[in-house]
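Listed below, chain by chain, are the residues.
Number of protein chains: 4
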Amino acid sequence: MSDEIISERLWTGDYYNEGTGRSDIFDTLKEECGVFGVFGHPEAASLSYYGLHALQHRGEESAGICVSNGEEFNYHRGMGLVKEVFDRDKLMSLRGERSIGHVRYSTSGDSRLTNAQPLVFKYRDGDLAVATNGNIVNAPQIRRELEQSGSIFQTTSDTEVIAHLIARSPKDFVEAAKDALQRLVGGFAFLLMTNDKLIVASDPNGLRPLTMARLGDAYLFSSETCAFEVVGAQSIRDILPGELLVLDDNGLHEDRYTAPQRKALCAMEYIYFSRPDSDLNGSNLHAARKRMGQMMAQESFVDADVVTGVPDSSISAAIGYAEQTGIPYELGLIKNKYTGRTFIQPSQELREQGVKMKLSAVRRVVEGKRVVMIDDSIVRGTTSRRIVNLLRDAGATEVHVRITSPPFKNPCFYGIDTPDRAELIASYKTIDEIRREINADSLEFLSPEGLIQAVGGDNASDYKGGLCMACFDNDYPTRTSFEGEEKFGCSC
Amino acid sequence: MSDEIISERLWTGDYYNEGTGRSDIFDTLKEECGVFGVFGHPEAASLSYYGLHALQHRGEESAGICVSNGEEFNYHRGMGLVKEVFDRDKLMSLRGERSIGHVRYSTSGDSRLTNAQPLVFKYRDGDLAVATNGNIVNAPQIRRELEQSGSIFQTTSDTEVIAHLIARSPKDFVEAAKDALQRLVGGFAFLLMTNDKLIVASDPNGLRPLTMARLGDAYLFSSETCAFEVVGAQSIRDILPGELLVLDDNGLHEDRYTAPQRKALCAMEYIYFSRPDSDLNGSNLHAARKRMGQMMAQESFVDADVVTGVPDSSISAAIGYAEQTGIPYELGLIKNKYTGRTFIQPSQELREQGVKMKLSAVRRVVEGKRVVMIDDSIVRGTTSRRIVNLLRDAGATEVHVRITSPPFKNPCFYGIDTPDRAELIASYKTIDEIRREINADSLEFLSPEGLIQAVGGDNASDYKGGLCMACFDNDYPTRTSFEGEEKFGCSC
Amino acid sequence: MSDEIISERLWTGDYYNEGTGRSDIFDTLKEECGVFGVFGHPEAASLSYYGLHALQHRGEESAGICVSNGEEFNYHRGMGLVKEVFDRDKLMSLRGERSIGHVRYSTSGDSRLTNAQPLVFKYRDGDLAVATNGNIVNAPQIRRELEQSGSIFQTTSDTEVIAHLIARSPKDFVEAAKDALQRLVGGFAFLLMTNDKLIVASDPNGLRPLTMARLGDAYLFSSETCAFEVVGAQSIRDILPGELLVLDDNGLHEDRYTAPQRKALCAMEYIYFSRPDSDLNGSNLHAARKRMGQMMAQESFVDADVVTGVPDSSISAAIGYAEQTGIPYELGLIKNKYTGRTFIQPSQELREQGVKMKLSAVRRVVEGKRVVMIDDSIVRGTTSRRIVNLLRDAGATEVHVRITSPPFKNPCFYGIDTPDRAELIASYKTIDEIRREINADSLEFLSPEGLIQAVGGDNASDYKGGLCMACFDNDYPTRTSFEGEEKFGCSC
Amino acid sequence: MSDEIISERLWTGDYYNEGTGRSDIFDTLKEECGVFGVFGHPEAASLSYYGLHALQHRGEESAGICVSNGEEFNYHRGMGLVKEVFDRDKLMSLRGERSIGHVRYSTSGDSRLTNAQPLVFKYRDGDLAVATNGNIVNAPQIRRELEQSGSIFQTTSDTEVIAHLIARSPKDFVEAAKDALQRLVGGFAFLLMTNDKLIVASDPNGLRPLTMARLGDAYLFSSETCAFEVVGAQSIRDILPGELLVLDDNGLHEDRYTAPQRKALCAMEYIYFSRPDSDLNGSNLHAARKRMGQMMAQESFVDADVVTGVPDSSISAAIGYAEQTGIPYELGLIKNKYTGRTFIQPSQELREQGVKMKLSAVRRVVEGKRVVMIDDSIVRGTTSRRIVNLLRDAGATEVHVRITSPPFKNPCFYGIDTPDRAELIASYKTIDEIRREINADSLEFLSPEGLIQAVGGDNASDYKGGLCMACFDNDYPTRTSFEGEEKFGCSC
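Chains as they are written, first to last, in our numbering: chain B, 411 to 902; chain Z, 411 to 902; chain U, 411 to 902; chain L, 411 to 902.
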């Protein structure tokens with residue numbers, strides 16, 4: 411992933427990711443959110459802390475944990491990274507065996523603290539906490555209805571609608587939750603907690619990842635499996651489209667609130683969102699990305715001296731490309747970790763003199779060389795052009811760009827922050843025009859078929875490999891049309 | 411690098427590195443110090459800030475910058491990372507065209523703020539600031555002499571002796587500095603600044619790296635070239651053994667304070683200290699480490715299913731090993747970036763349940779596989795054993811360990827923090843005994859010749875390739891004997 | 411005010427007041443809340459910042475400001491003092507000409523950040539912000555009703571009910587607010603803001619103070635007049651019982667939502683809550699407290715050598731007592747300002763050795779002297795005993811205690827945090843028993859008539875001088891009975 | 411004390427005093443420094459923490475404590491208030507039975523952390539720590555001598571010279587200290603600590619206060635007795651001019667390093683520096699200041715309606731004036747505690763509209779009244795003018811200013827930060843000219859005789875009552891002349 415948005419953020423200093431472990435390799439775009447749930451462990455809050463830390467790359471804006479001891483909630487939320495939001499005292503005060511946690515990168519809803527999740531409410535039957543990852547496409551309509559009948563909202567987050575729907579239902583909590591979920595259209599993974607029960611649910615297409623593990627007698631739920639490794643838990647399986655799990659004193663009850671639709675997991679999770687040490691549908695992502703690079707090499711080989719990847723997201727694919735072609739993989743580009751809120755930006759003068767905030771090319775590696783530069787996607791094209799020019803300025807004689815995904819032409823409505831269609835360069839230029847725009851000697855994209863084949867995994871035989879590829883092919887899996895194309899985003 | 415010391419630090423939470431850019435891949439051991447000097451740039455302090463940030467992996471305990479505007483000093487030092495020590499206001503207050511800066515990891519001297527460098531003194535001729543990387547072997551003797559004649563010391567840092575020697579000399583600053591440097595035995599890189607002059611000097615063997623660049627009309631000096639990339643400067647050359655450069659209103663004057671001795675740059679800088687995007691002696695370090703991996707593959711091939719490197723320091727070598735053998739490089743080990751002072755450690759119970767702070771193995775990658783695990787060194791052996799067992803617990807059927815350096819048998823006296831000889835496993839066990847100790851199926855070390863050949867570079871034809879390999883072969887380049895083997899360390 | 415509660419807080423370190431200007435003289439008990447509103451000033455947020463800082467003694471737990479620019483809200487709330495919650499950037503981001511602000515000391519509702527006011531909601535007609543001081547006696551019943559019909563609550567603060575009542579009303583904002591206020595029983599001062607209008611309202615008895623000023627064309631509202639002095643505004647008048655003011659683009663509209671009841675302003679505001687430089691009902695409070703001391707001297711003179719006041723709340727009264735009797739006023743007791751969250755408490759050993767956290771007696775002043783000790787009230791009696799003993803230990807030969815209010819026998823239901831009746835020493839002991847309990851040579855309380863006469867002011871001719879004296883005489887001004895005596899407190 | 415310097419500091423936000431307990435009443439000028447020593451108490455560091463907190467009004471710029479356990483030092487120093495510099499962990503790490511501590515307000519020496527005391531050195535005989543209050547008039551000459559013979563300095567503080575003098579002496583510590591002290595000219599109170607001994611010394615005139623107490627078996631030393639009350643210690647006596655106490659394993663040894671000179675304790679300590687609950691020469695300061703007000707009333711009565719004091723320093727005197735005249739003491743002026751580094755200053759526009767940072771007049775108290783305004787001194791006159799105008803703007807019909815000290819005409823060379831003589835209004839204007847300058851209806855100063863009589867105390871029969879009144883009468887007690895009048899100040 412490499413585009414203007416990112417570098418803008420870098421320059422304005424409000425963008426960084428300190429918390430993603432080795433998988434810095436894949437954390438360039440910060441989108442969506444991450445959820446982590448625990449049921450039945452005496453140190454539920456601590457597990458959530460380590461789990462959310464492992465999911466930090468999914469949202470660095472705010473973090474929160476709500477714990478239930480079976481009688482009452484204790485929760486803490488704050489702006490910033492997991493390690494900034496929680497200190498020992500705060501964590502120790504969150505006692506209980508059940509918890510839901512959240513890290514957030516706002517796409518819809520503004521970035522106030524009041525929008526930080528888990529959202530916590532009091533209603534007729536007691537306490538209710540909600541954490542979600544994804545986007546509810548029809549939330550604005552539901553919200554308008556609720557306001558007309560006297561509801562007040564404290565957040566701008568769409569997630570709040572599900573709490574109102576549940577509170578207004580005369581049914582019990584589980585039935586009310588099923589009714590509410592049936593009303594929602596979009597891509598979402600939900601954790602809903604009362605003092606009695608934990609409900610875990612995925613949207614009818616399984617657009618957003620959500621997975622389950624065991625740690626002793628406890629059940630754990632996470633947006634990605636990497637969080638399970640950290641806490642020593644054993645992965646069991648992914649939550650299925652339309653599935654709804656209920657956990658209470660009787661244990662785990664597997665249920666569903668709707669019939670499953672076409673399986674359509676977000677392809678961009680494979681391409682760059684999820685950490686390389688996570689598994690999706692039974693497939694390790696570093697390995698999948700290496701296969702994307704290998705597939706790319708098969709589809710569009712080019713003779714060159716070195717292969718380099720745009721850090722951090724394209725390192726795995728670059729290694730795959732190098733393995734397949736025999737061209738050596740070298741460190742031609744270095745990402746400067748000017749990390750954290752407190753880092754001081756260079757003055758305009760210094761930037762003009764060459765002080766680099768994000769990326770630099772390593773002259774000794776690329777000088778006089780023909781370079782294959784692997785990246786995961788092109789959004790607006792401006793950053794790609796900048797990187798190609800960095801390589802040329804450092805003496806590269808040729809720069810061949812290979813993108814390990816198809817051209818990104820359509821906005822996402824299911825939880826990923828993308829620009830309007832009009833800003834997506836692939837929606838209005840041919841590949842050769844893009845090549846000239848980014849100043850490359852050659853440019854190739856991975857084919858949809860190559861992508862599906864590289865992803866492989868347990869759903870390889872499903873329609874489109876079980877992937878949502880709407881951003882490439884405009885084939886959106888939900889029934890709702892998006893006339894007017896209002897700004898997509900996520901509800902978390 | 412992988413050993414008990416590190417994980418001890420991890421467990422006690424006082425060890426972390428947030429500032430090393432993409433090269434997190436190589437920052438496992440935090441030792442020594444880093445220096446950065448500027449002569450003749452109106453934003454000397456800002457350049458130092460970015461430069462020191464790029465050198466952060468060389469010392470995370472304290473940071474400091476002293477600036478001269480030609481008439482007076484302004485300086486700021488503090489405990490913590492560069493980005494924590496400086497804020498915009500502090501940086502803005504450091505006006506001047508000349509500066510010396512320092513990041514510190516204490517090996518000798520305790521970790522008080524008063525030991526943070528640059529040290530700043532007032533003496534007969536005005537202000538004097540000193541920043542150093544390395545260790546002065548005979549500092550204790552010199553200090554005792556000075557105290558006997560009435561000197562008082564404010565720091566426990568050995569660096570303070572050079573200021574006393576200069577202040578007590580009747581000669582002018584440059585001559586006094588030469589005399590003082592001649593009295594010192596050890597490995598060191600010095601930056602000495604008054605309001606008139608900047609002196610840059612390297613020890614007679616060039617044990618510690620120190621290099622020079624230009625940015626417009628300004629001269630820059632840094633422990634590693636990676637800091638030049640960040641600020642857009644052009645590398646010129648390394649400072650030579652015994653060399654002394656004087657910069658003042660007349661420009662750069664090249665001089666020396668002693669005849670050069672055998673060139674003997676620290677081999678561990680090649681193996682794991684320096685960043686992979688730095689050059690040493692004209693050689694990029696990622697490439698050199700890949701060659702170490704390739705050489706390793708030639709020296710001790712083993713048939714296996716996957717190659718994995720111990721992050722972050724051994725990734726380059728692992729890629730080289732994979733390239734050479736054709737065995738695929740995979741992400742079998744993941745480093746959890748539990749970074750920063752504020753991160754909360756897991757309770758004993760959670761650790762026993764498998765919550766992992768430092769490394770985890772990726773089950774889907776290693777399960778049922780024969781794994782080649784590449785690491786850079788074995789110090790005490792305990793961490794290697796732990797990592798091998800992690801891989802076995804995750805299902806690896808065989809674990810073959812390949813170390814890209816010779817056995818580490820002797821302590822360092824030139825600025826690297828190493829345990830006593832008695833704790834170095836290679837000093838009292840055979841390779842096969844170590845193999846059993848760490849529970850590996852096979853274990854091989856890179857030969858000294860292989861290391862020299864992989865390093866290559868401009869000094870390839872020098873004695874031992876221009877390297878100090880005393881930690882491997884007990885051949886210390888300085889004249890002083892080390893009877894009693896007092897604790898080695900660095901003066902910074 | 412001087413009792414166990416306070417010193418408990420002091421010992422646990424969670425009690426302090428740094429923000430009360432010279433009037434530290436009166437800030438011993440931290441209760442209730444303070445509100446500050448601005449209508450029509452371009453720097454509304456900054457005025458609120460200074461105004462709330464002046465009201466800091468009324469609530470040190472959290473602070474918040476919500477600003478409207480006529481189209482949307484911007485707000486910030488946080489735990490801590492005004493100066494801790496806001497920094498320059500946060501304040502600068504609050505642009506608009508209208509604002510309501512709040513400082514909070516929780517009495518009902520727990521002390522979560524989510525309870526910090528102003529509360530901000532979104533409802534059918536847009537944004538709504540609420541800040542209040544006081545207590546709604548019947549809030550629990552109203553809340554239960556609302557929950558039964560599907561409302562969800564985000565806070566435990568009773569203030570939230572008014573927002574629900576308004577949102578559920580089919581009427582326009584002003585009419586809906588009137589209806590809602592009519593349903594409430596208790597003592598309260600409300601600021602209600604939308605993007606169109608600011609509503610200011612006081613309870614039917616005027617139990618809580620609320621006053622109005624002008625600054626140029628702007629209208630300002632504050633719990634106390636001291637906040638007006640700071641911002642250079644001119645006091646106009648107090649808000650009347652049952653009054654409701656509406657401010658919008660048409661200016662100020664004076665209205666009421668109910669007929670006024672008996673005027674009954676909280677007597678404890680006169681005795682110790684409000685700052686000595688504030689006016690209540692046209693009477694300066696330092697002067698009023700001096701009159702209480704003078705009245706006390708007339709009612710119960712005692713021959714003595716020095717008069718001293720328990721700092722800070724009783725200094726004014728002690729000066730009055732001294733003036734009236736001619737006995738010199740001396741500094742016999744010193745309050746140690748161990749202020750702030752971060753202050754480190756002494757160990758048990760040190761306390762036993764005499765390290766004093768709260769008060770110490772000045773030996774040279776009291777040794778060998780007959781001391782008159784003036785205090786404002788006795789709640790449980792434990793602190794009074796402790797202070798008397800401090801004076802005796804420092805050598806006082808006699809200690810005569812004079813309390814400038816009647817015996818405190820009944821809990822408050824209108825916004826003041828008081829213990830249960832069973833803990834109020836005056837509810838179960840005679841004055842002579844209390845005297846023995848606190849180890850005084852003599853003890854006298856000011857009579858209710860003396861108090862009313864000292865207060866004087868514009869309402870002197872009203873029933874009971876326009877005061878609520880329920881805590882002394884059990885005559886509660888609202889219609890609701892308090893069977894079961896649930897814990898009193900405030901809604902803010 | 412009331413002058414431009416102070417309000418300048420207020421406006422720029424770098425001036426505040428949060429730590430002075432009830433005696434905020436007297437803390438307007440922050441000057442000099444405070445020292446606190448402990449010998450023989452297992453919680454020496456904690457006692458120092460509470461003691462220094464009580465001395466906070468003497469220096470708010472930095473704080474430090476150095477502890478010896480008999481074998482080695484542990485120390486911590488930092489910029490800021492005592493409560494900011496120390497946290498529990500830092501305090502707990504300072505173990506030992508002996509300690510010296512310091513709070514600093516820089517007058518000479520800049521405000522770097524390196525100047526924070528106690529200064530700590532290593533010399534031939536081990537560790538040496540120094541804390542001082544006062545000014546060494548001939549420090550620059552001594553320093554030049556030392557530098558010429560090769561000494562290097564780390565601070566700009568003159569205190570460092572005593573350490574060099576001791577280190578260069580061939581004699582033992584006590585004799586070396588005596589020799590060094592004999593060379594010093596000025597006003598100073600010294601605490602000198604090694605791992606064996608604690609030395610306590612006062613200058614030959616006793617210009618700066620220094621006093622002794624016992625707590626169990628331990629000896630305590632403090633600049634003011636108020637610090638003893640807080641820790642429950644019993645005052646014994648003041649340290650005498652020229653006295654030197656040695657404490658070691660043999661207990662307390664009373665000695666002197668020079669013959670005593672004329673006793674000349676700083677009169678401004680009586681007038682406004684020391685806390686009102688401190689004793690000086692056996693006299694409580696609140697009482698002494700009341701006597702100054704009474705004396706003032708006898709010397710220059712004026713008929714008026716109210717007496718008010720400029721807070722906080724003149725409240726005691728105002729009460730005395732009111733008692734003597736029968737004119738009621740009222741709260742006509744209120745000091746706004748815009749305290750702390752973090753407080754946000756009002757914009758220029760708001761200040762012009764009347765937002766007041768420092769003082770405001772209470773309209774209801776002064777409107778239509780003839781006001782006697784008591785202040786302690788006039789330095790430049792600008793602040794007095796401002797306060798008089800505040801009272802007039804609030805409706806005072808007459809303002810009569812009474813200053814409880816003689817006209818301040820001469821700079822101090824003994825540790826108090828005063829402007830150059832040319833800026834002292836009383837040095838170039840008559841009293842009537844000053845009256846017009848400050849816009850008062852009448853202006854009177856207390857006579858030197860009146861001041862001496864009010865101070866009274868144990869030295870009443872000494873020459874000038876044992877006071878240094880050089881700032882009033884130009885009669886400096888030390889032998890050195892001050893030609894050229896270099897900037898006075900303090901060495902701490």
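For the record, the hints were derived by calculation from the structure and aren't laboratory data.
In this text, all values refer to a predicted model and were calculated from it rather than measured experimentally.
Treat the hints with care, as some may be off.
[What the hints assert, rightly or not] Only pairs whose alpha carbons sit at most 25 Å apart, straight line, appear in this in silico PhoX-like list of lysine-lysine: (1) Z:K819 - Z:K874; (2) B:K588 - B:K607; (3) Z:K532 - Z:K588; (4) B:K779 - B:K766; (5) U:K766 - L:K766; (6) Z:K819 - B:K766; (7) Z:K766 - Z:K779; (8) B:K819 - B:K766; (9) L:K588 - L:K500; (10) L:K532 - L:K607; (11) U:K581 - U:K500; (12) U:K607 - U:K581; (13) L:K532 - Z:K532; (14) B:K500 - Z:K766; (15) Z:K500 - U:K500; (16) L:K819 - L:K839; (17) B:K532 - U:K607; (18) U:K581 - U:K532; (19) B:K532 - B:K607.
Which earlier hints can't be squared with this structure? Those not satisfied are hints 5, 6, 8, 9, 11 and 17.
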